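Engineer: Produce the entire structure from the sequences given, and follow the hints as far as they go.
Residue numbers (the UniProt record's numbering), protein chains in the order written: chain A, 1 to 316; chain B, 1 to 316; chain C, 1 to 316; chain D, 1 to 316.
It is worth saying that the hints were derived from the structure and are not from the lab. Here the structure is a predicted model, which is why all the values come from computation and not from measurement. Misleading hints may appear alongside valid ones.
[Stated by the list, open to error] Derived lysine to aspartate or glutamate pairs resembling EDC-like cross-links, with alpha carbons at most 20 Å apart:
#1 73/A - 104/B
#2 73/B - 70/A
#3 138/B - 31/A
#4 126/B - 271/A
#5 138/A - 31/B
#6 257/B - 169/C
#7 257/D - 187/A
#8 257/C - 187/B
#9 237/D - 44/D
#10 126/D - 271/C
#11 257/D - 166/A
#12 16/D - 244/D
#13 126/A - 271/B
#14 73/B - 104/A
#15 237/C - 48/C
#16 257/B - 163/C
#17 257/C - 244/C
#18 53/C - 222/C
#19 257/B - 187/C
#20 138/D - 30/C
#21 257/B - 166/C
#22 138/B - 33/A
#23 126/C - 271/D
[Claimed, not checked] Short derived list, chain C residues pointing at chain B, Cβ under 7 Å:
#24 186
#25 193
#26 211
#27 220
#28 256
[To be verified] Which chain D residues stay away from chain A? Per the calculated CB distances, all over 12 Å, these:
#29 286
#30 304
#31 307
Even for Gly, the Cβ is constructed at its ideal location relative to N, Cα and C.
There are 4 protein chains.
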Amino acid sequence: MLTERLSTDMSQSVKKITGLVAATFTPLSEDGEINLSVIAPYIDYLVDKQGVKCVFVNGTTGEGCSLTVDERKQLAAAWCHHGKGKLEQVIVHVGCLSLKDSQELAHHAASIGANGISVISPSYFKPMNADALRLFIKEVSASAPGLPMYYYHLPGLTGVTLEAADVLDGIEKVIPSFQGVKYSGMDLRDLGQCVSYSQPRNWSVLYGVDEQLLAALVLGVDGAVGSTYNYLGRMVKQIISAFDNGNHSQARTLQFKFMEIITFARSLGFDVSVNKQVMSEVSGLPLGPPRLPLLPCLVSKAQAIAQKIRDFSQGH
Amino acid sequence: MLTERLSTDMSQSVKKITGLVAATFTPLSEDGEINLSVIAPYIDYLVDKQGVKCVFVNGTTGEGCSLTVDERKQLAAAWCHHGKGKLEQVIVHVGCLSLKDSQELAHHAASIGANGISVISPSYFKPMNADALRLFIKEVSASAPGLPMYYYHLPGLTGVTLEAADVLDGIEKVIPSFQGVKYSGMDLRDLGQCVSYSQPRNWSVLYGVDEQLLAALVLGVDGAVGSTYNYLGRMVKQIISAFDNGNHSQARTLQFKFMEIITFARSLGFDVSVNKQVMSEVSGLPLGPPRLPLLPCLVSKAQAIAQKIRDFSQGH
Amino acid sequence: MLTERLSTDMSQSVKKITGLVAATFTPLSEDGEINLSVIAPYIDYLVDKQGVKCVFVNGTTGEGCSLTVDERKQLAAAWCHHGKGKLEQVIVHVGCLSLKDSQELAHHAASIGANGISVISPSYFKPMNADALRLFIKEVSASAPGLPMYYYHLPGLTGVTLEAADVLDGIEKVIPSFQGVKYSGMDLRDLGQCVSYSQPRNWSVLYGVDEQLLAALVLGVDGAVGSTYNYLGRMVKQIISAFDNGNHSQARTLQFKFMEIITFARSLGFDVSVNKQVMSEVSGLPLGPPRLPLLPCLVSKAQAIAQKIRDFSQGH
Amino acid sequence: MLTERLSTDMSQSVKKITGLVAATFTPLSEDGEINLSVIAPYIDYLVDKQGVKCVFVNGTTGEGCSLTVDERKQLAAAWCHHGKGKLEQVIVHVGCLSLKDSQELAHHAASIGANGISVISPSYFKPMNADALRLFIKEVSASAPGLPMYYYHLPGLTGVTLEAADVLDGIEKVIPSFQGVKYSGMDLRDLGQCVSYSQPRNWSVLYGVDEQLLAALVLGVDGAVGSTYNYLGRMVKQIISAFDNGNHSQARTLQFKFMEIITFARSLGFDVSVNKQVMSEVSGLPLGPPRLPLLPCLVSKAQAIAQKIRDFSQGH
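Structural biologist: As structure tokens, then:
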């Protein structure tokens, strides 16, 4: 069938995402407006200092839901424009509570040369079953049929309890451009079944709970999307290398160190606001405050976490 | 102080909301576009058949979060326009995940002559404390300083566990136009403390869990906002009258009957989609399907519920 | 049928529980053993100072689950023995995770002249549907077929989400001695349907969320079981009287004051341990510490709450 | 210090648990009494057919909480008695809601020659912090100071949200006999930190979510405790071997197959009751029904799952 063929065609032509993807923060000026001037140096920092060449724009870390549709377009365009020749993949998150908004963003992403789009489940009205969610993603995808589509699974924040493996089951039949999943959940049985289903289809399964990436690696994920790869990308690459070389002990030691940093950060209240300030501290980029309802974080908090990160990075 | 005086002034000049407020459904055409032609007959139905003269537009029942900013403006304008001379209060819900979107809607509501605006807590990023939520509401209110502002408390859907009484505490100092709360939660201690705080300030406390309204009445609420008042307004007015007349037994009997209808509806899966179809069945208004991620409901389901409603309404 | 007749017979002969029931604390000595010597003065305090003549023994407040089967027997026997001629009803809670333990306690309750028994749902393994829970209660009841059985509904602690109205539905057919429910939940639709079902059967519906009792009164409950009636019984009787006299305003004012006390207590961390110490402070009875896993509370905390209670009680 | 030395001494003398531990089912007769005659053949089945030589008795799988203290003693004694010379480790779970019951069971376990004891957190009253839980475990341990103590972490069932790593932190100072944790949670950061803390202390970290064991292996756990090792022990040993040999691909393939079985079982409602019947089907041992509040499962359900298991086992 045509659908089948299209699907196959895209799978063969699309460059599969592997390795680390930074879920980018959104730079704001002190008066709360988006600050596009930071994007170019941000890209240089990721590529040069962290060795990270793929980005996930306007997701949770990027406060996508707190931005207007127009702001999201400007940001996506800036990442695509400045990333040309430097970044390998710019994935634009286009998920919104409103299907129409998501469709507009998907259409826009195609027009600016994004490498792919991603959709999180609506979280106010929750899809009553996997069919409802697949339909929602399909309708978004229809506005950018030529762009690879990745499902963004984050049950902890959306409260949507559908298993990702159920969402993936047969989705290629309704969404020919489907290409994988950003899995940010704790249920590794579900993750494993996503990997098992995705491998023969050449889709990417990218893990999103940074502090337990090693566990996902052994289950066969292709890579990872996360906020900490903005400032700990280089270090996490060592975890991946150690694992790939069969050096479990070293991979584990590094991952445990990483866990310690996160545990420390969480003890101080580690939300997107704190995380953003940590990135400003570590990278020197002026990312600015978060937007309400997030409150700006105490600089001292972020500095304490940043110090842990530097201590660690220098140790390795 | 000026702020204090303004607050007092508004409280004295604003018509306090009492009685029943219908949380309106949003009419869509079969192809999924908003259908403004239904608003005028919808208003006539509410006023003539249900005796309901206040509406809460673009809230949960109205699928507000599934609409674009532009669609929400068009709907709000239509309700204000056609409601002139017929409706007593048009409250426009302007809550969004994005503060900027909410501000734009608030500004627009003021320009079309709405009687008030309301804001639900952002639910993707959850305010970390009452201060954060008050700040968010304040910033929205600043875009329509002349319009009464009502906080919309719906913890079951937002997942925000802040107590409404904590949000209200001192809010008049930061939001002079604050006028009350639509309380759609189950915690009646919190509700009681909202009533206790609101009474001396002449604010409205409107209850939002229709099936247990009687319990809120005895705690002193001023009225109620709910979806069932679209089609059961006349009947619920009898509950209120019986209660006001000290006839607890009659009020209770009616409320129990109401509970039975809701229990029956819930056994069939009573979401906004089913609810909307029930309204179409009972009222004859062509409200159309819901928007994704809600799925259209089986007509037979809605008909079964509508029959229960008619049986009951005719009995009284 | 015989079963039907027995059921009717019991309903007619059993004295229906109305008014306030104190959920009693369990006195422990400083070394953590049960201290039976406090029971007699405890009863005098309840009857003389609070006007409360019904007790619910070995429930949540009484740390029933932290006691051994033998300790629970000793306590139940002491309450029955010392309560003779003073208390109107001694209801013994016999719910355990183990059906066999519950059966043994039920059998024992019958042998010591208790007026009734009550069972909470097992909470480790949760009944998968209402049938499973009814069967469990039935098997307990079979060990004391002559004693009125009350279902103890406390979803917030058990995590069992079954609706009480579903548990009650048809239960008289399997448990002839069934006589009512202690409803300690927030869902007043479910509560209302329990009242509606219980009234024609002459069962008692007793509400268990003390701080919102007024809301339950208007829905027709027969009385209330709670821990605060140990020290605020006299005051809550005024709420009930005001309500019975149609004086909603007074009832509400008192209930709001009561809510304030609870809100204050909760801001300090109001668990059974603190509650027990509050009772010691207010009553002067030496109730002793709680048992692990509850930790003893700071005396200053309990004193601050006790002071609020005394301020209030003296004001009325 | 003495405490420190004792701790070290025990760690050196205690045989560390590694590999697979079967969480045993409790055989009941058709009339619901414990059926000790099945224990001896049960042990032979585990050792001979599954190659499993360690057992965890009276835990969740064994319906420990549904048994009386006396029944738990009889079962523990039977496992120790018949296991002599056949089993390597008999760990007796002694956790109860009542500290006193747990102490009695701990004392008894020591008297019958158990190799260790384990305690789950009380779940009705939840420990308010890690200190409270450590104190509880300490008091139990004090009744069997010579027996290795393992903390049983199962947040999904207890609802206790304390992190296990917080419970372990410094626990050797208050419980010299502490020897490890059965970690049955999904939070692998927490698990990782338990491993990191336990390794230098020579404690065992045993994972308890069978369907994602591979993820725990890469994080360095010493072994696993689970119900499925009763009938899938031999197969899971292949997963462990493949992993140990650095053959991730084979380990993953087997783990995915295992996940499929569990996903299938869960689609049919996979609780302890179904699980027990599956074990009866696969092993041929007459384990009997579960005890209320668990309901007996349809035999056809268990047979369908058992068939999947046999299909798989024969394939490997």
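Engineer: Now tell me if each hint is right for this structure.
Structural biologist: Verification of the supplied hints:
Using a Cα cut-off of 20 Å, the hinted pair residue 73/A and residue 104/B holds, with the two alpha carbons roughly 18 Å apart. In summary, the hint linking residue 73/B to residue 70/A is supported, as the alpha carbons are separated by about 17 Å, within the 20 Å threshold. For the hint pairing residue 138/B with residue 31/A, the CA-to-CA distance comes to about 16 Å; that is within 20 Å, so the pair holds. A hinted pair counts as satisfied when its Cα atoms are at most 20 Å apart, and residue 126/B with residue 271/A qualifies at roughly 10 Å.
Restraint check for residue 138/A and residue 31/B: the C-alpha separation of about 16 Å stays at or below 20 Å, so the hint holds. A distance of roughly 17 Å separates the Cα atoms of residue 257/B and residue 169/C; the hinted pair therefore holds under the 20 Å criterion. Annotation: proposed proximity of residue 257/D to residue 187/A holds, straight-line Cα distance about 16 Å (limit 20 Å). Only pairs whose Cα atoms come within 20 Å are accepted, and residue 257/C paired with residue 187/B is accepted, the gap being roughly 16 Å.
As the CA atoms of residue 237/D and residue 44/D are separated by approximately 18 Å, the hinted pair is consistent with the 20 Å bound. With a C-alpha separation of about 10 Å, the suggested pairing of residue 126/D with residue 271/C holds against the 20 Å cut-off. Restraint check for residue 257/D and residue 166/A: the C-alpha separation of about 16 Å stays at or below 20 Å, so the hint holds. Proximity of residue 16/D to residue 244/D is assessed by CA-CA distance (about 18 Å); at most 20 Å being required, the pair is judged to hold.
Simply put, residue 126/A and residue 271/B have alpha-carbon atoms about 10 Å apart, close enough for the 20 Å limit, and the pair holds. Distance hint between residue 73/B and residue 104/A is fulfilled; the C-alpha atoms sit about 18 Å from each other, no more than 20 Å. Restraint check for residue 237/C and residue 48/C: satisfied, since their Cα atoms lie roughly 14 Å apart, inside the 20 Å limit. A hinted pair counts as satisfied when its Cα atoms are at most 20 Å apart, and residue 257/B with residue 163/C qualifies at roughly 17 Å.
Under the criterion of a C-alpha separation no larger than 20 Å, the hint pairing residue 257/C with residue 244/C is consistent with the structure, at around 19 Å. For the suggested pair residue 53/C and residue 222/C, the alpha carbons sit about 15 Å apart, so the restraint of at most 20 Å is met. Only pairs whose Cα atoms come within 20 Å are accepted, and residue 257/B paired with residue 187/C is accepted, the gap being roughly 16 Å. Taking the CA atoms of residue 138/D and residue 30/C, the gap is near 19 Å; set against the 20 Å cutoff, the hint holds.
With a C-alpha separation of about 16 Å, the suggested pairing of residue 257/B with residue 166/C holds against the 20 Å cut-off. A distance of roughly 18 Å separates the Cα atoms of residue 138/B and residue 33/A; the hinted pair therefore holds under the 20 Å criterion. Under the criterion of a C-alpha separation no larger than 20 Å, the hint pairing residue 126/C with residue 271/D is consistent with the structure, at around 10 Å. Interface hint status for residue 186/C: upheld, as the beta-carbon distance to the closest one in chain B is roughly 4 Å, under 7 Å.
Taking 7 Å as the C-beta contact cut-off toward chain B, the hint placing residue 193/C at the interface holds, the least distance being around 6 Å. The beta carbon of residue 211/C comes within 4 Å of a beta carbon in chain B, closer than 7 Å, and the hint placing it at the interface holds. Nearest Cβ of chain B to the Cβ of residue 220/C: about 5 Å, under the 7 Å cut. The hint holds. With 7 Å as the threshold, the beta carbon of residue 256/C comes within range of chain B, its nearest partner Cβ sitting at about 4 Å, so the hint holds.
A cut-off of 12 Å between C-beta atoms confirms that residue 286/D is not in contact with chain A; the least separation is 31 Å. No Cβ of chain A comes within 12 Å of the Cβ of residue 304/D; the nearest lies about 19 Å off, and the non-interface call holds. Every beta carbon of chain A lies more than 12 Å from that of residue 307/D, the smallest distance being close to 20 Å; the non-interface claim holds.
Comparing the model with each numbered hint stated earlier shows that all of them hold.
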